Amino acid sequence: MADDRMTFEATPTMDIETQDKVESAERAAENGNVGAALSRVDGPLKVTGQARYAADFAVPNPLYAHLVISTVGKGRITAIKDEAARKVKGVRAIYSHANKLDSGSAKFFAAGGQAQQSWEPFAEPDVRFYGETVGLVVAETILAAREAAAALSFDYETSDPAAVFGADGVERQDMPDKTITKGDFTSAFEAAPVKIASDYETAPNVHNAMELFATTAHWVGDKLTVYVPSQWVKGFQIGLAEELGIDEANIEIVCPFVGGGFGGKGSLFTWVSLIAAASRELGRPVKLYVTREQGFTTASFRAETRQRVRLGAGEDGRFQALEHAGEELTSRADNYFVNGQEATVRMYQADAIRTELATIHADRQTPGFMRAPAETPYFFGLESAVDEIARELSMDPVELRIKNDTMVDPVDGVPYTSRSLKECFRQGGEAFGWSNYTPEIGSMNEDEWLIGWGVATSTYPTQMSPCTVRIHLDVTGEARLQVASHDLGTGAYTVLTQAVAEELGIEPSQVRVELGDSRLPPGTIAGGSITTASNVSAIMIACERIRNRLGIEKGSDTDLAAAFDRFGQAGIEEYAEWTPPGAKKDAPKTLYNGKVKIVGGPEEDYTAFAFGAIFSEVRINKYTREIRVPRMTGAFAAGRIMNAKTAKSQYLGGMVWGIGHALHEVAEVDPRTGAYMNDNISEYLVPVNADVPNMDAIIVPEVDDKVNPAGVKGIGEIGIVGVAASIANAVHHATGKRLRRIPIRLDDLVDV
Amino acid sequence: MKPFRYQAPSSVDAAVEAVEPMGVPGQGGAFLAGGTTLIDLMKLSVATPPSVTDIKNLSLDGIEEADGEVRVGARVTMAEAASHPIFLDRAPVLSDALWKAASPQLRNVATLGGNILQRTRCPYFRDNVSPCNKRDPGSGCAAIGGINRLLAVLGTSESCIATYAGDFANALILFDTTVETHRAAEGPRQIELEDLHVLPEDHPERETVLADDELITGYRFRLPDWARRSVYVKARDRESYAFALASAAVALDLDGETIREARIGLGGVATVPWRAREAEDFLKGKTVSEETGLQAGRIAFESAQGYEHNAFKIPLGRQVVAKAIFDAARKDVSGSAGQSEGAN
Amino acid sequence: MAVTRRSFLGGTATAGASALAGVAGAARQAIAQEVDDAGGESVDVSLVINGVTYERRLDTRTSLLDLLREELDLTGTKVGCNHGQCGACTVLMNGTRINSCLTLAAMADGARITTIEGVASAEGELHPMQAAFLEHDGFQCGYCTPGQIVSAIGCVKEGHATSEAEIREYMSGNLCRCGAYKGITEAIMEAREATHSSEVGGQS
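Residue numbers (numbering that gives the first Met the number 0), protein chains in the order written: chain A, 0 to 751; chain B, 0 to 343; chain C, 0 to 203.
So that you can see chain A by itself, here it is in the shape it has in the complex (with noise of 0.2 Å):
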């Protein structure tokens, strides 16, 4: 509603119940903005253990692979000692640069591509970072296929890595075409009678899913079919087609569950290729399991970032100039960066802005997506700087950020589709009780427990991308959606099965959604938190199309069979394509050439956000420093929301991995060989059940009619946003230790 979208005036009270958002939420709640609490329809299968994830295809007499990892962080493979592993009863093959598989590369994703990095796996014998695919064995059991892998080695001729930020060799690149510039920060920030600078640190993150990676090729004729957990089945297909020279429609990427994905699983790995080239070969279908500790170097990770913030204020808390500098890690080949910064500096209102990038190149594998990419790592020096600006100030961190909320695009004036930020705040206040809140350091403690609160906005940019859909409705009312969309346990099968029964005034039980498979229509990649707001836009319109041509209209108690006898055929298909705002017309096209146009975010024309507000408390046992987060409160705007319990269960999901994030989650790498040397889950802390004790999120009504025609925005990532400076801005609170390093754990609170 642009006549409700005012430029916000500063107020210098904690008063943020501002008309607009009241009305907002009252047209929410009136136009059922907030959809039926559906369980899952592919719940039942997943209680039940039938739904099938990758590994749990069957097929004919297969062979079981195994990978071998490189044990070095950088060299060249000078001999391979097979000899014990080629004795193991049942090895069928053993593979490695020496005898290289018939497969190649295909174009790297951040290049336009579908592959995970940009060279080949087993092309040559260099060793570009530990753990690194350099052989792969075959055998008929998954017995010998594991006992055979454990027997092969190489020898290598090494150098050292430099595998790690400061190490002697990592090279620096810096990108000025990313820097973002508003009015002249330097002067601005020298100007502002209150100001801050501060360095902060992300840790390198693995996605971790509960899946294991694994791959099964089978063949028949020149038909594959691969079994493998994928968000972006279509991608699989297209690139896997290029890696081994045969045409795309001889390839079906089978995918119906995805066992959590998290952006790990959205470019093509490396080895599925070989896999699909060994089955070729060998004449059986391959089946591979690759191992947890293997899944933190085959596949991607979240790179470590070092950002630098500076932030002035004046007296009354308004911002006057933002700077937010970031370095990520990268490897050697590859210039992939998340640029976080691009959301940072679009959150507060700010006079002068100014960004930076540069990535370092390492002897480590190529970074990739993994939730929130930019927002996770970026939030944390953001809201960690607005923390520490407030402590400046002496200013309530809320009201500071409702001071410096903006209903238009900080950096260059264009209005924001939606914004409910102070909303966000005034519900997860109310809720997590933060008129409590008393300021000074310590003032909260209680017995021998440090207690601490803390704050932080969360965002995402609304994203979208084009997306085709197949509908079929039959005279009895039952539906099927077709679309090569995924459902990571995003919930997708069961909002697209509510907006597709909406759409056609029939019951969700009449619906039949069927996602993962290449062969589908394609859809959207399971990134961005993209999937809802462009496939329900996609199949608004081929559900307008089929009421149209039944004559039907949206809403009205249809008598379908009586349409269908008018129209004269027992069933109606409808194909449609959906363009979202900004991207060009023929860009549905694209997806069908492997390609994804993701837009949205800051555009030219509108700039689209989700918010939301973070409230957590922080309990740090006086002894032994041990950081707990009984409580944790996340109030979201995203548009209109298609079920209030899976759309929940996301948010909470979000703000599970913000306390791994900001408490447990570091892949230690071992700066002499590049290793991770806790690559596995008993190490590589993620939270239990028990870390999560009291978690609420809350479903703030927020109508935007002109981010998409759903009106949906993106809500997969958001809830990991800012998580982590609010638990840090916690524990500042509790203990007066400003730590600017994630994760916090007790070896930073020890001292104290």
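Keep in mind the hints are simulated off the structure, nothing from the lab. Only a predicted model underlies this, so the values are computations on that prediction, with no experimental measurement involved. Beta carbons: idealized from backbone N, C-alpha and C, even for Gly. You may find that some hints are simply not true.
Listed next, the stretches of chain C that the computed footprint assigns to chain A, with coverage defined by at least 3 CB atoms under 8 Å from CB atoms of chain A [what the hints assert, rightly or not]:
1) 43-54
2) 61-70
3) 74-87
4) 98-104
5) 116-129
6) 159-168
Lysine-lysine pairs mimicking BS3-like chemistry, simulated, CA-CA at most 25 Å apart [unchecked claim]:
7) A:Lys621 - B:Lys285
8) B:Lys42 - A:Lys86
9) A:Lys80 - B:Lys285
10) A:Lys106 - A:Lys594
11) A:Lys621 - B:Lys42
12) A:Lys194 - A:Lys181
Chain B residues, not near chain A, derived (Cβ > 10 Å throughout) [what the hints assert, rightly or not]:
13) Gln26
14) Asp88
15) Ala183
16) Thr207
17) Asp224
18) Asp236
19) Arg237
Once you've looked at the hints, dock chains B and C against the given chain A.
Just chains B and C, lined up with the frame of chain A:
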């Protein structure tokens, strides 16, 4: 995993005959109980026994008390022991150390005999690649100059700083426990628990005094009445299912506020289950207070040596000892019967 | 106690074996024989899984998890780490929850195993725990879910579900990377009474 022969004999005598010692630590056949350490290490190729002797058919069960002495069979599981009234009420430190370890699934199969022999989690031992004197004698220690946050600060040597990873032994050691074992030729023998594990010194590949064919059959110990006043404090990175960064098992014999006797065991910080006897001596006759507790902690860690990432364990360990002393002193021991373990 | 070398009859389940196990089983049987001839490293096991008796000659290294997934096509039990760190492979052995990845099939010889496939009634009616997970959205991706549900039933039967705090502690051996812990805990709170009094898959 390498192939191995599997056998499940039905008597202790048959088991110790069957186990195939090779005379070199780690090379011979292995006893298998719950499997939670052994099978894990076999999957990593760190353990490669030619044969595995499953003791599931041996009747080494039961927790009993007779003539003031508690006898526990080696095949009693961690879960069974944690909820047994003798552990729960008479020596809560034993129950605490059990339910705060591992996960319910692991505790349901892991036995007390095997648990005492739990191997280190040192990543350089487990990766089967790095130099490691424990796994590959004479190859060096990659941990000393490596990622050593979780490794030991007490009882270390220039050869090894691997942490003893278990919890239960650190508590059981408080009660002057005797370990009962059985060998093929020599038959049964008794070993003081405190003498069971050996410091790494120059031979970290030797972890205990047990012979290769020697099977732990049970434990015997006496619980003083004041063992009711005992706790196991375990500091860790997450709330559950994590190894100790530092832990303290403490039992106190109090006369009002005065400590008649204290027993202190340490975990997560040492290369073996660790009894802090100097700190115990110090506490005799002292009044319970914050300063006394911290002083006991300081004494307990006097000989500690920190490395690049684990020096925090020294101040942490002191504070954990202090907390355990307070918690034990404050423990309500009036009517503990009938309580259950864990997260009350 | 040498490894038994008695000739083994059968090699297919007495009932309920999948077609897959039959096909792949033949190849594996040959390998098992090959290994056996070389070193005697195979073992005969008999297990009752979800009420069905299976008899197999297996490579001694075969974990219970490998047996379920790769031999019997009971893929509801998931593999998440293979090292007892995640709980995705949780099954009930003689009514007690265990990690099937760290249990050799040989160790389970003679045991009664319940997997997620055996939790609902034979008629397909969901167990109260399954229904509660569905209602409380105690999962997202669903991968850890079979292990969570089996573990939850074990947790209740052990008597470790007396409070929310106790449930959280005693369910911490089951990692959920999606972070569905709140729903999991709520589901167990709701289903615990019915679980106490109910049977699993028609058996107690």
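Structure-based check of each hint:
no.: 1; hint: 43-54; verdict: violated (count 0)
no.: 2; hint: 61-70; verdict: holds (count 4)
no.: 3; hint: 74-87; verdict: holds (count 12)
no.: 4; hint: 98-104; verdict: violated (count 0)
no.: 5; hint: 116-129; verdict: holds (count 5)
no.: 6; hint: 159-168; verdict: holds (count 5)
no.: 7; hint: A:Lys621 - B:Lys285; verdict: holds, 23 Å
no.: 8; hint: B:Lys42 - A:Lys86; verdict: holds, 19 Å
no.: 9; hint: A:Lys80 - B:Lys285; verdict: violated, 64 Å
no.: 10; hint: A:Lys106 - A:Lys594; verdict: holds, 11 Å
no.: 11; hint: A:Lys621 - B:Lys42; verdict: violated, 40 Å
no.: 12; hint: A:Lys194 - A:Lys181; verdict: holds, 18 Å
no.: 13; hint: Gln26; verdict: holds, 17 Å
no.: 14; hint: Asp88; verdict: holds, 24 Å
no.: 15; hint: Ala183; verdict: holds, 30 Å
no.: 16; hint: Thr207; verdict: holds, 23 Å
no.: 17; hint: Asp224; verdict: holds, 27 Å
no.: 18; hint: Asp236; verdict: violated, 5 Å
no.: 19; hint: Arg237; verdict: violated, 5 Å
Hint violations for this structure: numbers 1, 4, 9, 11, 18 and 19, all remaining hints satisfied.
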